[in-house]
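Asks: If you want the building blocks of each chain, they are given just below.
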Amino acid sequence: MEELSQHFINNNRRHFLKKMGLGIGGIAAASLLDPFSSVAGSNPADELALKLPHFAPKAKRVIYLFQSGGPSQLELFDYKPLLDKLRGEDLPDSVRNGQRLTGMTSGQDKFPLVGSNFKFDQYGQSRAWVSSLMPYTAKVVDELCFIKSMHTEAINHDPAITFFQTGSQQAGRPSMGSWMSYGLGSLNENLPTFTVLLSRGTGRPFSQPLYSRLWGNGFLSSLHQGVQFRSGKDPVLYLKDPEGMSRSERRKMLDHINELNQKQEAEFGDPEINSRIAQYEMAYRMQTSVPDTMNIDDEPEHIIQMYGMDALTPGTYAANCLLARRMVERDVRFVQLYHMGWDQHFDLPSQIEKQAKDIDQATAALIMDLKQRGLLEDTLVIWGGEFGRTNYSQGVLTETNYGRDHHPKCFTMFMAGGGVKPGFTYGETDDFGYNIVKDPVHVHDLQATVMHLMGVDHTKFTYKHQGRRFRLTDVSGHVVHDLLS
Amino acid sequence: MSNKQGNKKSGILILYFAIPFIIVLLVKYSISMSRDQYQGLGENSAGSEKEQLADMGMKLPDTVDFIFHVKPILSDRCYLCHGPDEGTREAGLRFDTKEGAFAAIGEHLDKYAIVPGDAASSRLVFKINSTDPEQIMPPPDSNLTLSEYEKQILTKWIEQGAVWKDHWSFVPPKKKEVPSISNPEWASNEIDYFIAKRLEQEGLAPSEKATKEKLIRKVYFDLTGLPPSIEEIDTFINDKDANAYEKVVDHLLASPAYGEHMASGWLDLSRYADTHGYQDDLERVMWPWRDWVISAINRNMPYNQFVKWQLAGDLLPDATLEQIVATGFNRNHKITQEGGVIDEEYRVEYVKDRANTTAKALMGLTMECAQCHDHKYDPISQKEYYGFYGFFNKVNEKGRIDYNEIPEPNVKITPKEVKETLSFINLPDSIKEVRLMVMKDDAPDRKTHILKRGQYDAPSEEVSLSTPEVVFVYSDSLPKNRLGLADWFFSEGNTLTSRVAVNRMWQHIFGVGIVSTSDDFGNQGALPSHPDLLDWLAVTFREDGWDVKKMYKRMVMSSTYQQTSKVTPQLLEADPDNVLLARSSRSKLTAEMIRDNALAVSGLLVNKIGGPSVKPYQPPGLWAETTSGQGLTKYIPDTGENLYRRSLYTFWKRTVPPPSMMTFDAPTRDFCEVKRQKTSTPLQALVMLNDPQLIEAAEHLAMNTLENEATTDEERVKTIFRKITSRFPEENEIDELVQYLEYVKDSYDTTNSDVTKAEGPSKDVYAYTVLTSMIFNLDEAIIKG
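Each protein sequence line maps, in turn, to chains A and B. For my numbering, count along the first sequence from 1 and bump the result up by 10. For my numbering, count along the second sequence from 1 and bump the result up by 135.
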């Protein structure tokens with residue numbers, strides 16, 4: 011019985027130290043100063059955060075430009091002239107090889123192959139293939155690291171996007187940004203570690219929804235949940251003081267609250283009170299730092315021109331790209347963008363043209379803007395959706411029109427900056443654009459590689475929840491060393 | 136300017152608070168530390184640090200106990216390869232059973248991992264101490280290591296004879312004699328004897344009783360989720376009867392707010408929501424089931440009946456409509472309507488969800504870990520998982536539903552049914568009919584197979600219905616269906632049901648369960664802090680006929696509960712997490728309580744039970760910006776009284792849950808949760824400062840106070856403070872508050888133009904609103920006791 015008691019007392023003491031942010035290694039009162047810091051959580055594992063990164067990171071920050079809906083690789087980057095030649099012919103069984111189809115095309119009696127309506131060409135010194143839909147991107151290919159051989163296990167949107175963000179098809183695990191926030195902590199004292207920006211595309215504006223759990227903290231402390239930055243008066247929920255209240259009234263209020271709270275602390279001795287005082291101070295700082303981040307009035311004309319005039323319209327993809335740059339400039343660790351509207355089942359040619367136009371210029375601008383500021387070096391930019399699209403038409407193929415269904419077996423993504431090879435293309439698909447023939451990269455491989463770039467060994471970075479050690483990469487994933495610069 | 140000041144101030148604060156703890160940090164070198172629960176991040180790179188710790192003079196226990204010292208290490212570091220999962224077992228060696236641990240190993244079966252009393256001959260000791268990467272256990276690629284302390288624990292246990300014991304939670308609970316203590320006059324009931332005994336052993340004493348103001352606040356929130364009114368506080372303070380407190384408790388247990396409050400926890404556990412949860416996340420109608428839950432709790436339905444109806448009400452002989460409605464419990468899982476999904480894939484997902492929810496809620500087991508392979512830590516095989524899954528696999532249901540489809544099976548509820556048998560459902564006149572999803576074994580012939588890797592399209596061996604043997608045998612006399620399953624849960628020999636239930640109740644009242652991992656009673660879960668008390672409560676609960684109110688009353692009537700939450704630095708250092716309960720925990724209000732408190736104290740709260748979920752204020756655009764254009768595309772706040780209902784009635788859209796509730800750690804309701812996080816974040820501060828609901832409540836309370844009550848600023852401030860914190864402010868606190876009030880009044884004069892003055896609230900209303908908002912933001916305003 012005595013031993014048993016000792017067991018609890020020991021654990022207790024340790025938690026006590028942890029609670030004060032003064033765990034082993036004495037990483038000091040950082041957590042009091044920075045409430046978004048990873049060590050302020052409630053799990054015993056948290057104190058070990060100070061052992062991260064495992065090795066020197068190439069990327070300190072990430073901007074993940076998530077293209078929601080499943081952009082067609084065949085219209086954008088994966089050039090397949092054979093499909094033009096075989097246009098209208100049925101997908102050979104030997105190529106399909108028993109691949110599962112979605113319920114949307116499994117009933118079709120024909121799977122007519124179709125190539126891109128848009129011309130492809132090679133660009134830059136790297137001679138990367140890009141279609142005419144992406145003229146701005148074409149100009150920056152020498153900064154980009156293409157992966158033509160992405161593949162996933164999921165074939166429907168909800169599980170597929172959940173898989174990319176959390177490493178599991180079913181809801182409940184932390185988002186990639188939450189993992190990074192938890193593991194690496196904050197780089198700044200005034201803004202959240204993990205921020206989220208949403209935009210709606212013009213290609214198919216109402217097609218696929220998003221879910222706030224995609225940027226959720228799962229079983230990690232809610233300190234690590236993605237904080238949505240929205241266009242409008244209240245960029246972060248409840249940020250704005252009530253109408254008519256002055257900043258000095260607010261400051262004064264906080265001072266009085268702190269006084270009274272400290273009295274409580276003196277009486278009750280509860281260390282949580284100190285933590286709450288720190289949270290209020292951070293909230294107060296955010297009331298200034300968030301609007302300051304959102305306010306692009308100080309951006310010169312040529313920068314706006316660079317991102318495109320959409321950048322002046324809050325809530326657009328271009329405006330969000332510009333904000334993403336402003337965020338990483340202020341050392342936000344992980345910026346997660348979502349651009350909706352890439353689900354081109356029908357009328358693909360007309361839809362994807364608009365959709366590509368939404369993002370082409372601003373994506374390229376973001377990369378070059380980061381570069382000219384010296385930020386690209388240690389900021390990783392990721393571009394891609396949750397799966398690819400089929401090489402055959404969904405619905406009737408006409409001379410000018412077609413659609414494409416979901417295709418998990420191959421699709422293209424690209425990255426830039428933060429330790430990946432510039433002007434590089436990795437992986438290959440077959441001439442049908444249906445199967446991978448060289449260097450497949452699984453979703454977990456991509457996640458492992460991103461973590462590696464951030465200085466984290468994905469097999470060692472775990473969180474114990476309900477007795478099990480969870481990883482972003484679940485039980486698989488390999489770092490794709492060939493992608494690293 | 137103010138910003139700068141703030142930074143400087145917090146900087147000083149940090150130093151101020153950090154210094155005492157740096158001292159503690161130095162002190163820690165002299166105290167014995169156990170690292171056995173250090174997990175996770177980069178633990179394998181921690182070698183040098185761990186050795187450092189080992190050298191810090193950690194004290195090994197005199198007698199090493201298998202359950203409390205050894206098995207946590209074996210489970211956490213060895214079971215992945217030497218545990219219950221046959222599929223990944225290495226070298227045929229297992230440490231999860233006695234036979235396995237002591238079996239002969241090696242090519243010639245001439246070696247033993249464990250030789251009782253002989254560490255030198257034990258391969259385990261050799262392996263864990265090896266420096267050869269080929270030999271050392273755990274192996275380097277496992278990313279797991281043992282600290283020096285842990286190695287010594289294992290070694291000493293073997294030296295002391297390697298006494299094996301079964302996992303505590305799989306041994307039936309026994310009611311031990313209530314221990315005798317040195318100060319029996321302190322004890323109010325049996326709970327206190329167990330708590331005091333433990334404190335005596337630690338050389339600690341219970342704290343003094345909480346003030347009446349603190350006590351009434353705490354018990355109101357714990358039993359009803361609402362604050363006491365000033366009148367109720369005054370009555371209690373002035374009631375000099377010996378049973379004054381008991382009167383309050385009885386009153387609360389009998390109040391309808393009790394059922395509403397207790398329902399909240401059950402809704403988390405039941406993953407209750409108002410939408411289907413996947414992709415377009417369409418609306419569903421499950422609230423009549425929620426109304427049943429509230430009603431059953433308020434009627435004090437015995438826990439065994441409460442659960443039995445929910446698991447198998449439809450299978451009861453001559454099942455009533457109410458009993459069928461109760462089975463909605465197992466239809467709260469998510470359902471997809473996403474085009475193109477494979478029906479069977481999702482149908483299987485729903486069956487798993489029911490099995491996982493039932494296992495976690497009633498047995499505190501992570502059964503879901505045995506979906507793809509045998510459980511890695513607990514003695515639950517994959518075959519047993521699917522045997523259990525089979526109970527829930529007889530429903531004739533679709534995996535994918537159409538837009539606007541109400542999933543089968545369901546029951547029709549019209550005003551007629553409500554009038555005749557379902558009077559607990561608050562069906563508004565405007566609704567002529569709802570359909571509620573329920574359970575029905577209308578696919579009785581469906582066979583259940585083990586699914587390889589958990590995949591819907593990889594069935595292997597067919598299994599018959601079964602339950603995990605280690606928990607309790609499934610008697611032949613029980614039918615092999617959900618009804619039999621319900622009886623199995625409540626059989627006297629079931630080792631878990633009663634423990635898990637009382638532990639959750641304890642967690643509700645005391646903040647942390649006796650087993651702190653209320654969701655995991657398995658090998659990887661925490662050990663009970665007071666094992667004998669847990670068992671005493673578990674057996675008593677059953678003997679009392681599973682009487683829930685009686686159990687809650689026992690807990691809140693204990694002297695343990697009635698202690699103050701004041702803590703001395705010495706006590707804080709000795710027991711920072713308050714495991715020993717030498718004081719009361721100073722716990723935070725839940726998401727629901729925070730909003731309900733503001734509504735209640737300001738007089739805005741509408742006391743109405745049940746009915747369709749309501750849409751209070753929410754920042755505009757949250758639904759619109761993520762929608763696909765189908766289903767619930769826009770959040771339109773209700774008007775009138777629906778704005779001021781208790782928070783458990785707030786409409787729950789799973790893919791975009793109510794934001795301020797999420798900020799205050801409400802779960803997503805995607806799956807069963809029995810425990811909420813307790814965090815403190817800057818976003819919470821923003822909600823408290825600026826949520827329009829809280830501002831409106833502040834304004835309302837300010838205006839009420841200005842209109843009705845006291846005459847001086849001091850009196851008014853006192854009233855508002857009392858309403859929000861349940862206690863009288865002290866003189867210097869009043870000064871501080873009045874000072875701020877004056878400041879705001881002055882600032883109103885100087886900063887506001889005549890136009891804004893004419894359009895906005897009067898100076899008094901403005902100043903009092905700001906002041907009230909400030910009081911809502913005090914730490915004490917979101918603390919119970």
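Just so you know, the hints here were simulated from the structure itself, not pulled from any lab data. Hints are supplied without guarantee of correctness; some may be wrong.
[Stated by the list, open to error] Straight-line distance between alpha carbons at most 27 Å, and here's what the computed DSS-like set of lysine-lysine pairs gives: (1) A:LYS250 / B:LYS332; (2) B:LYS332 / B:LYS685; (3) B:LYS723 / A:LYS273.
Predicted model, so just to flag it, every value in this text is computed and none were measured.
Asks: Decide, hint by hint, whether the structure agrees.
Replies: Evaluated hints:
no., hint, result
1, A:LYS250 / B:LYS332, "52 Å, violated"
2, B:LYS332 / B:LYS685, "24 Å, holds"
3, B:LYS723 / A:LYS273, "18 Å, holds"
The structure is inconsistent with hint 1 alone, although it conforms to all the rest.
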